[in-house]
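Keeping the supplied structure of chain A fixed, place chain B upon it in accordance with the hints.
Number of protein chains: 2
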Amino acid sequence: MPNEKPLILITNDDGITAPGIRTLIEVMNELGDVCVVAPNSPQSGMGHAITVNDTLYCDEVVIDKEAKQKEYSCSGTPADCVKLAVNEILKRKPDLCVSGINHGSNSSINVIYSGTMSAAVEAGTHEIPSIGFSLLDYSLNADFEPVKGYVKAIAQQALQHGMPKGVVLNVNFPKLKEEEIKGIKVCRQANAHWIENFDKRTNPLGRDYYWLSGEFVNKDKGEDTDEWALHNGYVSVVPVQFDLTAHHAIKDINNWDL
Amino acid sequence: MPNEKPLILITNDDGITAPGIRTLIEVMNELGDVCVVAPNSPQSGMGHAITVNDTLYCDEVVIDKEAKQKEYSCSGTPADCVKLAVNEILKRKPDLCVSGINHGSNSSINVIYSGTMSAAVEAGTHEIPSIGFSLLDYSLNADFEPVKGYVKAIAQQALQHGMPKGVVLNVNFPKLKEEEIKGIKVCRQANAHWIENFDKRTNPLGRDYYWLSGEFVNKDKGEDTDEWALHNGYVSVVPVQFDLTAHHAIKDINNWDL
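The listed protein sequences correspond, in order, to chains A and B.
If you use our numbering, the first sequence corresponds to residues 5 to 262, in order.
If you use our numbering, the second sequence corresponds to residues 5 to 262, in order.
Don't take each hint at face value.
Put simply, identical chains are the same to the list, so a pair is met inside one copy or across any two.
Below, a list of computed lysine-lysine pairs in the DSSO-like style, where the Cα atoms sit at most 30 angstroms apart [stated by the list, open to error]: (1) Lys179 - Lys9; (2) Lys225 - Lys255; (3) Lys255 - Lys169; (4) Lys95 - Lys181.
These are calculated hints, taken from the structure and not from any lab test.
Just chain A, same shape as in the assembly (with noise of 0.2 angstroms):
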């Protein structure tokens, strides 16, 4: 089938409507047939939540009406929209899977939070080569026109050579005009965290209740990570893998007395 065209699957964690999904929707067509399933409400922080004891809606939807792809709005998580994807909405597996342009930096320890990245994590479980994008700027009305350039040039490279065995990629956007953006760096996880700082108030019925907010605290200078590059104007391009054996720490527990 010399002439068929790439079929690509897109999801993300901000919901259906985010603007970052609808242009990550938009670049995709420009490479092949796209297919949405992606999540009916936010979904950030879900790390890689999946439905276990819920049912999980999944409908078709217009949400504009000159698309050429079919969407799926979906009750659950954006693991479970790969999975339903996967197995029942699409009849082939797909040659890609995109995720995002998530609304937020997914770079460093996010990853591990972060529902983006953990819908590239699903696909890639599959064996589909699957990449999330994100883009450090929260705001709903954050500018995604900068980065559409280097979404098309990473997803048309991954169709091209597809991914290294168990491994899917991590890519955040610097929040910068599209000409002050300088490359593309490909990186490792800077080794960083959050300190979190509850925010404590008391309910209108005298029950105490807490607010999640943190610093991000980086203290790896290396110029290799991920934070290295987004700082320096670079797009940050993390190869990302799900076997999280650590495998030089076998011996060390080996020496225990167990």
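The following block gives chain B in isolation, referenced to the frame of chain A:
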């Protein structure tokens, strides 16, 4: 402070009243001063979800009147519980965080969906030695007696040795009698995955919905894997890292035309 006991934080994803966490509390009270901060309801499959757009309740509760430990019941996810414990509830950083004992397996790829393991990983990001424990029995009436000795031994070793930097432990127990368990194997995560099988139904109003189910498929025949250990009567201990960088793939991606 030579006589100060270790401070041990306990959480889980099955909820604060689940038999698995009650067993863990019983064992840890033999090793140190215990504080429990756990979800007020089951959170299975929550992965590394955190509560970012909603409030959190966290109230001191008395579940066992004879108990030595303080206990807090939290409206959030397992990862939320650890963040709240470390930042709001505990007066000092705990010497150990243990999560579980989960009712059901968290071996192999299940680690990425596991609320139990996400709590352990969250503690690891705070540089707290941390272990997630799971028993291969989903039943609410699972028998945790046979594994108590192993839980204690592994926790004691973690208190004595600390943990390799950036590493937490994923411990799974086979569903066997105590005398049938052959010992402990330190393993890598098996390269296995789920093939989903959605059960499509129609609700009384005529709208379609789905139940997620699936089949776990392990084609990894390695005798150094957690799946091999568990199927052969051993307790599996996998060192898990939260630097997800696929370092070996950086060179591959650098060969792309980016």
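* Asked: Given identical chains, is Lys179 near Lys9, meaning Cα to Cα at most 30 angstroms, within a copy, between copies, both, or neither?
  -> neither (32 angstroms within a copy, 49 angstroms between copies)
* To do: At 30 angstroms max between alpha carbons, let me know whether Lys225 reaches Lys255 within a copy, between copies, both or neither.
  => Close inside one copy (28 angstroms) and across copies (21 angstroms); limit 30 angstroms.
* For the identical chains here, do Lys255 and Lys169 meet the 30 angstroms Cα criterion within one copy, between copies, both, or neither? -> Classified as both; 25 angstroms inside a copy, 14 angstroms across copies.
* Asked: For the identical chains here, do Lys95 and Lys181 meet the 30 angstroms Cα criterion within one copy, between copies, both, or neither?
  -> neither (39 angstroms within a copy, 46 angstroms between copies)
Going through the hint list in order, the structure does not satisfy hints 1, 4.
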